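J.: Assemble the whole structure, with the sequences as input and the hints as a guide.
Going down the list, the sequences are from chains E and U. For the first sequence, the UniProt record's numbering assigns the number 1 to the initial residue and increments by one for each residue that follows. For the second sequence, the UniProt record's numbering assigns the number 1 to the initial residue and increments by one for each residue that follows.
Hints in this document: simulated from the structure, not taken from any laboratory. Heads up, a few of these hints could be off.
As the list makes no split between identical chains, a pair holds if one copy fits it or if it spans any two.
[Claimed, not checked] Computed cross-link-like contacts, DSS-like style, restricted to lysine-lysine with a CA-CA straight-line distance of at most 25 Å:
| # | residue 1 | residue 2 |
| --- | --- | --- |
| 1 | K41 | K98 |
| 2 | K94 | K79 |
| 3 | K41 | K79 |
| 4 | K79 | K98 |
| 5 | K94 | K114 |
| 6 | K14 | K79 |
| 7 | K114 | K14 |
| 8 | K98 | K114 |
Values in this document were obtained by computation on a predicted structure and should not be read as measured data.
Number of protein chains: 2
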Amino acid sequence: MSDAVDAIIGQWAKERPDVVEDLWPVQLFGRIQRLARVVDKSARAAAAAHGVEHGEFDVLTTLQRSGPPYTLTAGAFLKASMVTSGAITNRIDKMEAKGLVERVRDGDDRRTIKIRLTEHGHEVTRAAFADHLANYAQLLADVDRDLVDKTAEGLRQVLETLGDTTIK
Amino acid sequence: MSDAVDAIIGQWAKERPDVVEDLWPVQLFGRIQRLARVVDKSARAAAAAHGVEHGEFDVLTTLQRSGPPYTLTAGAFLKASMVTSGAITNRIDKMEAKGLVERVRDGDDRRTIKIRLTEHGHEVTRAAFADHLANYAQLLADVDRDLVDKTAEGLRQVLETLGDTTIK
DNA sequence: CTTGATAATCTCAACGTTGAGATAAAAGCA
DNA sequence: TGCTTTTATCTCAACGTTGAGATTATCAAG
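T.: Next comes the structure, spelled out in structure tokens:
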């Protein structure tokens, strides 16, 4: 059987037979790209059901899993999120307006801003995260569990080789 | 060894031990998400070196691999690209301004617009695509080839099960 | 202390995408 | 022929992100 990436490579084979040997990374990256799109779209919808953007949901879960006191600096999100500082500021701004988090100035270092999950933020996170996991499970409902594990393990090794070994 | 996703799951295990059993999809999707970001950023830079956006590069290669006469309708890009119609119109607008493609009205159906790769577009595509593949190879330079193939095969099966079987 | 360098966060214009709606042409049907 | 539905593309305001630069605070040296 063949998927969308096979079809794309098949087209290249006809039009540019000279590059076929160099297309093997496309087998991996092309599928990563397509899957990322599908999963992203689905996750976005799941978060939207709780009134939060995908990026905002990322902030919420990062705070939640950091444990008590559910407080992190803006810089911590920068390193954890793979986006730029402007995006983080924007996210926190909107989340503060929604009452999901609050900015707290630190006593020790007045450059840093601590972001704290509010009680309301806790509730939204709990509900949205449950839906998020249910959505993930739904997406993989018809996929063999062993295949998921083996493929995830393969991706882990690729990530390690690429140097993505920490939350940063 | 452990990567960023292991670290994230480790945090969840401490803070929310009740959900650990439901985190297995994260092993797959979390890594797909992170890898997509890394690869995307890299591909974006490679395309930018040739003066084209990532989305524009996608249009160029779609046209190129469609073969002679290197002409597709706007609707074909819609189905192939996983973005909305507004994005396609915007892309074609800018690419037309750059002289990469040209809009040609069809004789048979005057609703459809055919997008044709110009000679300049051909040249840019050839050069950018070569760099693109070199960049891909570079990213996977230190990764075992067999691991890449096996992981790509796993992702293909996931994509198939999710229903992404055609270019559409 | 003072000066310069470093660090953390915010500002803001530009950019690409979204998504609902508009426009216009073709197809189906009476 | 007229009328409605469908199809293809474009319009446009809102949105989140980028990326360079500004701001403010801390640190290191002298």
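J.: Work down the list of hints and note, for each, if the structure agrees.
T.: How the hints compare with the structure:
For the identical chains of this complex, K41 and K98 are intra-copy neighbours only, at 23 Å inside a copy versus 31 Å across copies, given an alpha-carbon limit of 25 Å. Taking CA atoms no more than 25 Å apart as the test, K94 paired with K79 passes inside one copy only; the shortest distance there is 20 Å, against 34 Å between copies. Taking the shortest alpha-carbon separations for K41 and K79, both the intra-copy value of 23 Å and the inter-copy value of 16 Å come in at or below 25 Å. In this assembly of identical chains, the alpha carbons of K79 and K98 lie at most 25 Å apart only when taken from the same copy (24 Å versus 36 Å across copies).
When the C-alpha separation of K94 and K114 is checked against a cutoff of 25 Å, the pair qualifies only within one copy, where the shortest distance is 16 Å, while the shortest distance between copies is 42 Å. Proximity of K14 and K79 under a CA criterion of 25 Å is satisfied inter-copy only: 21 Å between copies versus 43 Å inside one chain copy. When the C-alpha separation of K114 and K14 is checked against a cutoff of 25 Å, the pair qualifies only between copies, where the shortest distance is 22 Å, while the shortest distance within a copy is 56 Å. Proximity of K98 and K114 under a CA criterion of 25 Å is satisfied intra-copy only: 17 Å inside one chain copy versus 46 Å between copies.
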